[in-house]
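J.: The lines below spell out each chain.
Number of protein chains: 2
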Amino acid sequence: MTAPPADNHNIPDPSIRRLSAYLRYLENLVTTEQRRVSSRQLAGCVGGSDAQVRRDLALFGQFGRRGVGYEVDDLIQVIRTIFGTRRQWPVVVVGAGLLCQALLRYQGFKQRGFTLVGAFDTDPRKLGARYGDVTIQHIDEVEAVIARHHVRLAILTVPATAAQRTAERLVRAGIEGIMNFASASLNVPADVHVNRVDLTASLEQLSFQLSSHRS
Amino acid sequence: MTAPPADNHNIPDPSIRRLSAYLRYLENLVTTEQRRVSSRQLAGCVGGSDAQVRRDLALFGQFGRRGVGYEVDDLIQVIRTIFGTRRQWPVVVVGAGLLCQALLRYQGFKQRGFTLVGAFDTDPRKLGARYGDVTIQHIDEVEAVIARHHVRLAILTVPATAAQRTAERLVRAGIEGIMNFASASLNVPADVHVNRVDLTASLEQLSFQLSSHRS
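Here the protein sequences come in this chain order: A and B. The numbering of the first sequence is this note's numbering, which starts it at 1 and goes up by one. The numbering of the second sequence is this note's numbering, which starts it at 1 and goes up by one.
Careful: at least some of the hints might be erroneous.
[Unchecked claim] Computed from the model, here is a short list of chain A residues facing chain B with C-beta under 10 Å: (1) Leu19; (2) Tyr25; (3) Asn28; (4) Gly84; (5) Leu103; (6) Leu104; (7) Arg112; (8) Arg152; (9) Leu199.
[Claimed, not checked] Below, simulated SDA-like cross-link-like pairs (lysine to any residue); rule was C-alpha separation at most 20 Å, straight line: (10) Lys110(B) with Tyr131(A); (11) Lys110(B) with Ala184(A); (12) Lys110(B) with Ala160(A); (13) Lys126(B) with Arg105(A); (14) Lys126(A) with Tyr131(B); (15) Lys110(A) with Asn28(A); (16) Lys126(B) with Tyr131(A); (17) Lys110(B) with Asp198(A); (18) Lys110(A) with Ser202(B); (19) Lys126(A) with Lys110(A).
Hints in this document: simulated from the structure, not taken from any laboratory. Note that this is a predicted model, so its numbers are computed, not measured. Using N, Cα and C, we set each Cβ at its ideal position, and we do this for glycine too.
Work the whole structure out from these sequences, hints included.
T.: Structure follows, in structure tokens:
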């Protein structure tokens, strides 16, 4: 197996999303003690083809052996290397509403390489409350926490009206990637990555599928 | 403008995801009273090209006029027709943890065509609590609520260990589309659609981008 190429800029987003799904599937396989996996099995978890699985992985090097498939443990390490999640990434959450509280209690992040190191708000009634390992702090502490933990990733769960100015503050403090739950587009420098999470879009995909089935 | 074709089965998922993003953008434009929009403007909201916007919309008919662009209001109605969201879809949520509570308080669903009509759990400590317009009921009420409101869509926020049996119960009760937050794959009949929401995948996309930028 070879390491990922130095320049990953031209990898299509859908391939990266499928890699996440493959990784979930592989991590479940580990618990069943299955040691090898075929392209076809991996294809099943995204509803794709085995050729697509091979193409997705070929973007990053030469893996697996014809007729034998992939070693589960090796492929997990390869995909984690691609994501950079063989180490933990520290992450801050800004906006301490119910969604933030749910995220702080969610175990999946840590298992998959992301440790929430701080959560911030301006509402005095929220400050000091503890969820999981994290205590809600005033937003004025965010710069110090980002610097102390070398944080590059942030999750934004503030109201839409506060999203842009909060994003700007985070970018000034050194944040380079933002998972944006706020229902507002963010205007950030080109070298800052934003991944907007649109929960309604998921329902729209389903209603689209049910509508077309009906007609 | 023509109506969507009768058979939408071959529309690629990424196009549908982009339609959601276009719709968000268009709905924001309405508040600014801008009445026309170009392919290029729409492309900006997904980081794509204007040719891709035209291709996405051409899947559903002939819209817009060369050199003039699209009428904002018309295009909103076209995309809502595609999604089937010109009317409200009733939706149930099963698993009344913090994530469910956050979803019940979230205003975006209703604005975009989805009304949460019930939330269910088995934990006696959660029953009777009210969030937004919904009171948490015992799971044994779910079949009656699905039948009464003709519910076809469900959001699953139960623990992974309860996901499969809960999904089977929902399908038996008539659910045809499941937005799955549980970290478990669901085995459902082929005519039931599952959209798995993987919040960590969003962070993985960001860490991938930061890793490749660094190397």
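J.: Just to be careful, I want the Cα atoms of lysine 110(B) and tyrosine 131(A) compared with a cutoff of 20 Å; is the pair within it?
T.: Violated: lysine 110(B) and tyrosine 131(A) sit about 29 Å apart, past 20 Å.
J.: Against chain B, with CB atoms and a cut of 10 Å, does the hint on asparagine 28(A) hold up?
T.: Since chain B brings a Cβ to about 8 Å from asparagine 28(A), closer than 10 Å, the hint holds.
J.: Lysine 110(A) and asparagine 28(A): Cα distance at most 20 Å?
T.: It holds: about 16 Å lies between the C-alpha atoms, which stays within 20 Å.
J.: Given a cut of 10 Å on the nearest C-beta pair, is the interface hint for arginine 112(A) held or broken against chain B?
T.: holds (5 Å)
J.: Is lysine 126(A) within 20 Å of lysine 110(A), Cα to Cα?
T.: violated (24 Å)
J.: Quick check on leucine 104(A) please, does its C-beta sit within 10 Å of some C-beta on chain B?
T.: holds (9 Å)
J.: Against chain B, run the beta carbon of leucine 19(A) and see if the smallest gap drops under 10 Å.
T.: holds (8 Å)
J.: Mind checking the alpha carbons of lysine 126(B) and arginine 105(A) for me, to see if they're no more than 20 Å apart?
T.: holds (17 Å)
J.: Keeping to a limit of 20 Å between CA atoms, is the pair of lysine 126(A) and tyrosine 131(B) held or broken?
T.: Distance of about 18 Å is within 20 Å: holds.
J.: Less than 10 Å between beta-carbons is the criterion; does glycine 84(A) satisfy it with respect to chain B?
T.: Holds, because the Cβ-Cβ distance from glycine 84(A) to chain B comes to roughly 3 Å (cut-off 10 Å).
J.: Can tyrosine 25(A) be said to touch chain B, with a Cβ gap under 10 Å?
T.: holds (8 Å)
J.: Would the stated hint for arginine 152(A) survive a check requiring a Cβ distance to chain B of less than 10 Å?
T.: It holds, given that the least Cβ distance between arginine 152(A) and chain B is near 6 Å, below 10 Å.
Hints 10 and 19 from the list above are not met by this structure, while the remaining hints are.
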